[in-house]
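**Student:** Make the full structure from the sequences, and use the hints.
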Amino acid sequence: MSSAPPLQMTGGRVRFDGREALSGVDLRVGAGEFLAVLGANGSGKSTLVRALLGLVPLSGGRTEIYGVPPARFRDWKRVGYVPQRLPAGGGVPATVREIVASGRVARRSRWRPASSADRAAVDAALRAVGLADRARDSAHLLSGGQQRRVLIARALAGEPDVLVMDEPTAGVDAASQAALAAILRELAGRGRTVVLVAHELGPLEPLIDRCVVMEHGRVAHEGAPPPPAWSRAAQAEDPHHHGPREGARSDEIGMRAG
Amino acid sequence: MLDMLQYDFMRIALVSAILIGVTAPAVGTFIVQRRLSLLGDGVGHIALTGIGLALLTGTSPLLGALVVCVLGAVAIEVLRARSRSGGDVALAVLFYGGLAGGVLLTNREGGGASLQAYLFGSITSVTARDLYVVAGLAVVVLGIVLVFGRELFLLCQDEEVARTAGLPVRFLSVLIAATAAVTVVIAMRAIGLLLVSALMVVPVAAAQQVTRGFRGTMLVAMGVGVLSAVTGLAGSFQYDLPPGPSIVLLALAIFLAAVVGGSVVRRRRTVPAPVPDEARAGATAEAEVRGG
Ligand SMILES: Nc1ncnc2c1ncn2[C@@H]1O[C@H](COP(=O)(O)OP(=O)(O)OP(=O)(O)O)[C@@H](O)[C@H]1O
Ligand SMILES: [Mg+2]
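Each protein sequence line maps, in turn, to chains A and B. What the first sequence shows, in full-length UniProt numbering, is residues 1 to 258, in sequence order. What the second sequence shows, in full-length UniProt numbering, is residues 1 to 292, in sequence order.
These aren't lab readings, by the way, just hints derived from the structure by calculation. A portion of the hints provided could be inaccurate.
Stated by the list, open to error - If you anchor each label on the Cβ, the simulated ranges turn out as follows:
1. B/L241 / A/N41: 54 to 62 Å
2. B/A100 / A/R72: 27 to 35 Å
3. B/R215 / A/W111: 17 to 25 Å
4. A/P206 / B/L227: 56 to 64 Å
5. B/A92 / A/D17: 50 to 58 Å
6. B/V103 / A/R112: 45 to 53 Å
7. B/G136 / A/S116: 34 to 42 Å
8. A/W111 / B/I18: 20 to 28 Å
9. A/R74 / B/L63: 33 to 41 Å
10. A/G18 / B/A100: 33 to 41 Å
11. A/S109 / B/T127: 34 to 42 Å
12. A/S116 / B/A135: 30 to 38 Å
13. B/E160 / A/G191: 20 to 28 Å
Stated by the list, open to error - Residues from chain B that keep clear of chain A, each with C-beta distances beyond 10 Å, as calculated:
14. L56
15. N107
16. V265
17. R267
The beta carbon of each residue, even a glycine, is placed where N, CA and C say it ideally should be.
**Tutor:** Structure (structure tokens):
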């Protein structure tokens with residue numbers, strides 16, 4: 001069991017209203033690996049990571065978190081997720097600290113008040129995204145980029161072993177991206193697993209072990225991290241003409257993992 | 001204010017007003033956050049069917065309403081999760097079903113007058129036995145908020161993230177709906193079913209004008225709830241007004257005051273500390289323009 005990879009999908013298919021958003025994806029994310037998921041808008045990146053976490057049901061194939069199907073997985077404190085969409089902001093305000101602290105929920109007992117370890121983790125997460133001084137402010141009054149950093153901090157506060165982030169850097173300024181890169185480097189150094197969906201890798205690029213390029217719900221390319229030029233080209237509607245650099249064919253799946 | 005405490009029924013009414021003032025906004029905070037502000041209304045309509053059934057079978061209306069409300073709230077939640085159109089249509093279906101059922105059943109029983117009491121509330125008719133039931137239910141509701149509050153908070157923030165935190169999302173969704181139903185039953189005798197959900201929503205709306213956080217909003221809303229329930233009751237005793245509407249109108253008045261007060265507070269907060277001379281000059285110029 002302990003040797004099971006953090007995330008593994010075999011032949012994963014997802015249908016929305018009869019249209020396939022994911023058509024047969026094989027993906028293994030090894031422990032300690034830093035995987036980037038690239039691809040054009042609508043290519044299925046978010047669907048892939050949400051399916052990996054069991055948030056959308058598969059219509060075919062299977063997926064496992066640490067060797068267990070999501071429906072039966074119990075050890076959720078090992079998992080952190082940064083969604084792509086900012087919450088619409090319900091009717092009630094919440095402070096930055098309240099939202100970040102809610103990332104500890106999987107680690108805290110229902111009956112026990114916050115421990116000093118909980119508070120320390122929340123403080124650390126707030127500092128990591130540079131929002132310690134805004135902790136008492138209403139989250140919905142922050143800028144879009146700052147709100148995204150709140151969501152990153154919420155995931156970090158849970159101290160997960162595998163961190164799945166859906167475009168965490170969208171709309172985040174260069175300084176904060178560099179700060180995020182520093183945190184992720186430290187996490188990677190401690191053997192944590194990271195799955196990152198992105199259009200621009202930016203300062204995160206040197207951290208990446210392996211890239212997956214999605215196209216029409218399939219893994220079109222897989223391999224070593226591409227040069228920066230490629231990551232920009234990955235946004236183009238038709239990425240055929242910009243192959244990743246040599247030796248990055250999909251039959252090398254998982255070779256670099258572990 | 002004090003002379004109303006000479007009467008037993010007023011003492012009972014006061015205690016139940018305090019219980020309602022505390023519980024309704026506490027649950028309401030989650031309901032508003034989930035954008036289900038009308039859930040209370042839907043459940044209130046369903047309660048009528050429960051009361052009708054109870055009158056018909058000779059059981060306690062409180063019990064009948066409780067059972068039917070909880071079932072109805074669970075049904076709303078299930079429909080909301082299943083159906084594409086979301087909670088909207090689900091609520092409407094139960095609204096009309098509950099109302100029609102209630103009127104039909106109470107009509108057969110010839111209980112038009114008592115229906116009136118439940119629709120608009122009659123806090124002074126609350127008996128000591130009712131009060132024990134209401135107090136027990138209030139303890140249950142507050143206990144749920146206390147124990148499950150953190151999980152409900154994350155659920156209301158983002159259901160998918162709640163799932164990746166391993167929270168029992170379906171159970172929690174049903175729990176919050178059922179808790180809202182219990183709250184409606186707690187408040188129905190006093191406030192009336194048509195106005196119950198005002199006390200779940202309006203204090204929260206008032207509180208969020210002046211607060212920054214979730215916890216703060218909930219605590220201030222509970223304060224607003226108790227304040228409007230107690231003063232509304234006292235005012236209705238003093239001036240011989242129906243208590244339910246008095247309480248709700250007071251809550252609305254506090255809401256309006258909070259809107260005005262909140263915008264003043266926010267403006268103060270955002271003004272940069274050192275006021276440059278130009279700004280002062282500008283303000284003078286503006287005053288001159290207005291004056292002329
Ligand atoms: N909940 C849903 N219901 C219906 N269709 C969906 C849903 N979610 C995604 N889709 C469809 O699935 C396809 C892939 O969407 P997905 O969100 O995975 O794209 P993406 O690669 O993440 O795009 P982006 O770069 O814009 O985030 C799209 O065609 C989209 O319309
Ligand atoms: Mg996406």
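**Student:** Look at each hint and say if it fits the structure.
**Tutor:** Hint check:
1. B/L241 / A/N41: 54 to 62 Å: This hint holds: roughly 59 Å between Cβ atoms.
2. B/A100 / A/R72: 27 to 35 Å: violated, 44 Å
3. B/R215 / A/W111: 17 to 25 Å: Given a distance of about 18 Å, which is inside 17 to 25 Å, the answer is holds.
4. A/P206 / B/L227: 56 to 64 Å: holds, 58 Å
5. B/A92 / A/D17: 50 to 58 Å: Taking Cβ atoms as reference, B/A92 and A/D17 lie about 24 Å apart, which means the hint is violated.
6. B/V103 / A/R112: 45 to 53 Å: Between B/V103 and A/R112, where Cβ atoms are some 48 Å apart, the hint holds.
7. B/G136 / A/S116: 34 to 42 Å: At roughly 36 Å between Cβ atoms, A/S116 and B/G136 fall inside 34 to 42 Å, so the hint holds.
8. A/W111 / B/I18: 20 to 28 Å: holds, 27 Å
9. A/R74 / B/L63: 33 to 41 Å: For B/L63 against A/R74, whose Cβ atoms are near 38 Å apart, the range 33 to 41 Å holds.
10. A/G18 / B/A100: 33 to 41 Å: holds, 38 Å
11. A/S109 / B/T127: 34 to 42 Å: holds, 40 Å
12. A/S116 / B/A135: 30 to 38 Å: holds, 36 Å
13. B/E160 / A/G191: 20 to 28 Å: With a Cβ separation near 26 Å, B/E160 and A/G191 satisfy 20 to 28 Å, so the hint holds.
14. L56: At roughly 38 Å from the nearest Cβ of chain A, B/L56 sits farther out than 10 Å, so the non-interface label holds.
15. N107: Non-interface label on B/N107 holds, nearest chain A Cβ at 37 Å vs cutoff 10 Å.
16. V265: Given that every Cβ of chain A is farther than 10 Å from that of B/V265, nearest at about 13 Å, it holds.
17. R267: holds, 14 Å
This entry does not satisfy hints 2, 5, going by the numbered hints stated previously.
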